[in-house]
Every structure is written in C-alpha cells, then in structure tokens.
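A.B. asks: If you read the sequences in order, they're chains L and S.
As numbered in the numbering used here, residues 17 to 135 make up the first sequence, in order.
As numbered in the numbering used here, residues 3 to 665 make up the second sequence, in order.
Quick caveat, the hints were computed from the structure, so don't treat them as lab data.
From a predicted model like this one, the values you see are computed outputs, not experimental measurements.
A few of these clues could be false.
Stated by the list, open to error - Below, computed lysine-lysine pairings styled on BS3-like, alpha-carbon distance capped at 27 Å:
id	chain 1	residue 1	chain 2	residue 2
1	S	158	L	55
2	S	158	S	181
3	S	181	L	55
4	S	181	L	46
5	L	85	L	56
6	S	158	L	85
7	L	56	S	158
8	L	46	S	150
9	S	38	S	286
10	L	46	L	85
11	L	46	S	158
12	S	440	S	541
13	S	150	L	56
14	S	181	L	56
15	L	55	S	150
16	L	85	L	55
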Amino acid sequence: MTEYKLGAVEMRFAEIIWTHEPLSSGQLVKLCEEELAWKKSTTYTILRRLCERGIFQNENSMVTSCISKEEFYARQSEAFVEESFDGSLPRFLAAFTRRKKLSEQEIAALQQLIDDNRG
Amino acid sequence: MLHNMFLQILNMSFVAVPMIIGVMIFRLFANRIPRKFVCILWAVILFRLLCPVTIDSEWSGVMEPYPIDAPVMNQSMTVTAASTEPLPTGGVLPDNKQNPVQSGESISAEPIQHDWLQTLVFVAGPYLWVTGLLVLAVYSVVSMILLKRRLTGAVKLRDNIYLADHLASSFVTGVLSPKIYISSQLSIEERRYVILHEQMHIRRGDHLIKLLAWLALCIHWFNPLVWGMFQFFGDDIEMACDEAVLRNAAADIRADYAGLLLRITAGRSLPVGTPLAFGEGDIKARISNIMRYEKPTKIVLLLAMIAVLMLAISFGTNPVQKNTELLGANYHAREILYATESGGFADAAGTNGGLERCAGAYSFTTDDYLYDCYGAEPVWNELGCVEDYPLTKKELFSYCMEEDGWRSRYTMGEITDAAILRMNDGSQKFYLLMQTRKGETLLGYGWEDVNERGQDASDDTSLYWLIQLESVFDPDGVQVNYFMRSLRHIVNDSVDTFAFWENSKYTPGYLIVGFLADGSGEQSDMGYATFRWVGNCLKMLDCHVYPDAAITGTGIYRAEHPAVLSDDGTLTDAVTYDVILSNNDNLDSVVRVVTYADGSQKELRTQAFGAPELITFRWADENSFIQNFDSETRVSQYFYDKEGNIIPDERVMTIHFDESAFE
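Given these sequences and hints, build the entire structure.
C.D. replies: Structure, rendered in structure tokens:
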C-alpha cells in the first residue's frame, strides 16, 4: 500500500522517531533541526503527512509510532509502488507533453548500444 | 490596445512559423554537429517570439511580407459623411505607421474576401488569447506551488544541492539562486552524474532559458508549432547539456553516463511538460546522442559556427526597409499590374493608344510635380503638382474592381507613402503615386467618383490601370532634363542646368547642379541646388538662387552660406562645401590659399572651363588642409583670368574658421 512507501529523507525522519519514541513534538523539532536542518514548520508538515498515512501518531504533543520499524520494513517490501512526479499537470497538458514509457525492447536495444560501446 | 497587442503577437507568431519548421528540419540533420548550435537557433527564435523590437539587417531571411492584417472595418461607421473629406482612410486597423512591427503584409493582387471567420478571429481573438494566457499563468503559479509543497522536507546535501523524496527526475529550479533537487532514492554513485548534469544546466543558464521558453509558450499558446518548439528545445537543451558534461569529463564516461540515464528512467513514463523544472527529455534520443558523442573537430566546429551564425542573423533580424519615401526621379513603366478592358482604359489612353501610355516615361520632381512623356515624339507634359494622400493597400485594391484586370498574381508591399494628383480639367481623373515598404514605386490612373467621395458603400471610384515604375536614373550619368523640371517650379521659370558637379570620390551620394533661369543670359537668375541620392532617386536638399546674377555677364558668386549637408541629408551649420558660381567668361582658375597659425601655407587650385561655371570646394575631404585647421587659420581666395591676372572682386573672401565647424 502507498502508506508504507517512504522516501529516503522520510526514512531518516522515521528513524529519528523510532529511535527516540515516545518523544514530544518539541523534541522532534529539535532533533530534526540538528540532523536534517529542517525548520519547525517542515517537521510538522512531514509529521502530519506520515500521521495521515497511519505510520505515526501525534497525540497531546506526544509522537509515537503506529507500526514498528520491523513491521514497516516487512510491509514495504511487499508494496513497491512507482515513484512519480505528476499530479501537478492538468490532464490535457499531461496528455500533450507526456512521452511513452520505454518498452522492454527499447530498453534492451539501448542497453545493447551502451554495452557495445563499453566493450 | 489589446487589439494591437494581439495583432503584434499574431505577427510575431507567424514570422516564427517558418523558422521553427526550419530548425526542426535542421535538427534532423544535426547529428554530427554539437547540439548547442541547435540551441542557439532556438534561442534566436525565442528572442523573436518574445521581443517586439526587431533589428534590421541586409542578410535577413525573414519572409516578407508578413501575413496578418486586420480586416477592414465597416468604413461607413467611422467616416463622417462630409463631402469635403478626402477618400476614407479611417477605420482600418492597425495603422501601419503606428504599428511599425507589423511591417508589411501579404495580400495577393486579388482583393481579399473578409469572411466571417476572419472577423471572428479579430473580434473574439484578442479575448480568447488573453483568456488562454491567464489560464496558463494561473497554471504556472499553481504548479509551482504544488512543486514547492512536494519539496517540503528536502534535505540539503551540499551547496545548492538538495535531496527530496518522491521525485521521478532531478531538476533545477529558481532563477537567481537556482537549486538542484535530486531524488533521494539515487545511490551515491548515481548522484555523481546527475549532479554533474544539473550543475552544467546552471552553468549554461538553461534554467533561465527554459523559463523564457515557457513564457513564450504562454504567450503563443495558440500556435501549435511553439508547443513543438518547447518540446524540442527542451530535448536539445538536455542533449547539449549532456555533451557539455562529456566534454568536460576527464575520461570517456559515455557508457557509464548513458547507462545511468537508462537505469534511472527505464520503465517509467516521463512527464516532460513540467514548465519550470527539467524533465529528462527524450531518453532514447539522449542516449543515442551520448553514445555517438565525439569531441568535435575544429573544422566541424568552425563550419557549424558559420552556418549557425548565418542562420541566426537571418532569423534574428528583419529585412532592411527599402527607401519608402517618394522622391524625385525619372521613371519608366516596368510592369503593368492591372489594367481594365473597359472604355476607361481607352479613355485613359486618350488618342495615343492604350498600352503606349502605360509604357511611357514619368518624372516626379523633388518638388512634387508629375510629368509624363509618351508617344512617337516624346514630349514631357506637366500633369500637375501632387499632394500627400493617406492610402492603404486595401483601399487601393478596392479601386481595382475588375477581377480579371490583374495581369499577374502580384504581392505588393504595404503602402508607406502616397500622393494624389487630381486633374483640374473637370474629368474627375486622378493619378496615384505610391511607394511601398518593399521599395516599389507604383503609379495608378483612374476616375474618382467626386460626388460620393468618402462614402465607401457606393464609391464608384476605380482605377483604369496600375503600373510599377522603375527609376531610370543612372548614378553615373544624370539626365539633365530632370533637373530642369525639378528646378523650374522653384525659380518659377524654365531653367537650363549647367556643369552639374558630381564627384563620387568627394561627395558620394551628392549632386550639385548649377542652373540659369530662362537660359537667355539676360535678366535672369543664377543659382545652384544640391541633391542627394537616396536609393535610386534624388532628393533636393538645398537651393540657392541669385536674382539677376546673369545680367552683368561678369559676376562671380559664392554662397553666402555654403551648401552644407550632413551624412543623413539634413542641413547643418558645419562648413563642408563652398560653392562658387561664375558667369564671367574670363575666369580661368580659382585659387585658395590656406595660411596656418604657424605661417605655413597651402594652395588649392581649381580650373574653370568656361561660363557659366560651377566650382565646389569640399573642405571636409581635403584632409591635408583640414588637419591643421584652427581658429587662427585664414583662407584667401583669388580668381585668375587666362593671362594669369587676378580678377578683382570685392567679394573675394577671407574665411575665418572656428573650430566648432570641424568637430
């Protein structure tokens, strides 16, 4: 499920929580400032996103995890989802500007080209 | 204002169309040359799409005439029905003089039908255009905000490089302090090339170019070719950036670099339309380009540079505007463009036969008199003095009523200067003399519906014929009779011209012509006039008349204020020419002695060849004399007869130069 997919930066953030939980949100802001150079608002934004995904919870300024680190890694490997950078494109523009995926054959041909040169 | 802006944008858009197609074709064959040259061409087009101010050059390849013009509005709405008004000129948008960018247009000789589609485009068009522009502007802002939100939580790697989650591709964003965002999923080894690539974008200023390209796309959103250009330009920027990375690399990293590109993009569909950041572009083309890459040899670079420079100048500039001022010249008909088969033509031809008159010669003097000359025994007839007359090409075409009167499909330039001559004989006939932006001179002859002048709806005014004239002036030899005709209206008498002075070495582009009124030698005026060559025509700049100078038969005259011309043809106060006019039979030579402050002297001698005689000195070109001129310099002038005696003349001068005259 998408909830269990975290980016590398989010992973570092999650590690901080798993390592120190339970911890107050104020502590978390402080830790994130030290380790990630994040501003307070950034920390709260990311925390809110991960809470919405059901990984952590923030109750009475106390941050705790909903699933353990081990459980998370187990679930993550089951649900690989393609990262994408879209959604900001209106459909009609996307249709115009989006290129086709490279097909398997195309990838193979390009790889061949590169390998030939490498030899 | 919106209307004019829209028209301007429309014209800029249309001008770019053949260029975009050209570069699209060029880039197909540009495999061997560095991609940055293709980018330069795109940048030139980008400049044309964005900059309403253009540069003129002789080497312009921009097609003229331009295609877009507003339709003629209903003239009866805009022109008051005053019978004293000249033919209607109002209601035509845009006025070319107010809108210099719209420099010319293409209308075939056949009058154009303004159908509902065109009207729709010009009525609703500007509003549609602005709406589209706003939509894209809002989209730009929204997508930027969404992008910013997505980047929340990005972690600084070093310098201006940030790692962010959930990015499909790395990109550069920001204008003044651009930041590189790369996907946090990349391995450290992968990051190396990605960062190299993005840093190269910033070094090359690609992030700014891309922003401008997006701006052009927002403005020209209605032009599908601009969309295509945005796409291809983006690809070419990526490829040029790849090449720059490879060029700067110490070793051959092609395979590693291309392999990375393939690895990080394989299997994903790639959004490339994100306006203010970079996508990967066309991965297939990029990988092929990378693997094909070799450091270009000097000769390839040189050839590519020359080709691109030529194309860039050709695209980036507008054709030099030809002289578009109606100037005096002798003309003959070069081509009959339009001639009616009706009685009008026979009538126009008078008793001298039809085409003969068309094929005759015309003369348009610098003081605006029109002459014609035709028939078996050519005689110059003065037709009259023309007056300025505002006229558009559309109006001209509206006077050409017979569809089959056109002799050829003919693309005429926009009329820039026009004059009308209405015959005074009650015939209601008129001549139209026109100059176009392309430098053509046209003459039309027709019948004016005097009673309905200014009433467009029922205007029966029509042309019998329209011809293109060709100047028959030869810069190396001037037809003296032309000066006679040009000067007679000023002296108010017929004149003989004599000893006109033309010396291409000293006065390129200038002619000085002496004249004697009436030619009788008794009780007549003498004088001289200066003319300037403008293209193939002559423009009279200055005229000096000495009343009754010829009566004595012995006089020597010089200009009270020397005829002085600056390079642009305007009169100045600087001392450039001195003109001496002589009606003295004994005059043999004129000597000028220049005495410098240190006492040294130099002599300038000019031989006279008879009377009347015109002698000119152009000081500015006498470098050996002028170099040492200062306020202490004196010039003395002496006249000698054939025996070497000095001719006494109380007007013999001493010229005091002040330095300002030679700045």
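A.B. asks: Tell me the hint numbers this structure goes against, listed in increasing order.
C.D. replies: The structure conflicts with no hint, since it agrees with every one listed earlier.
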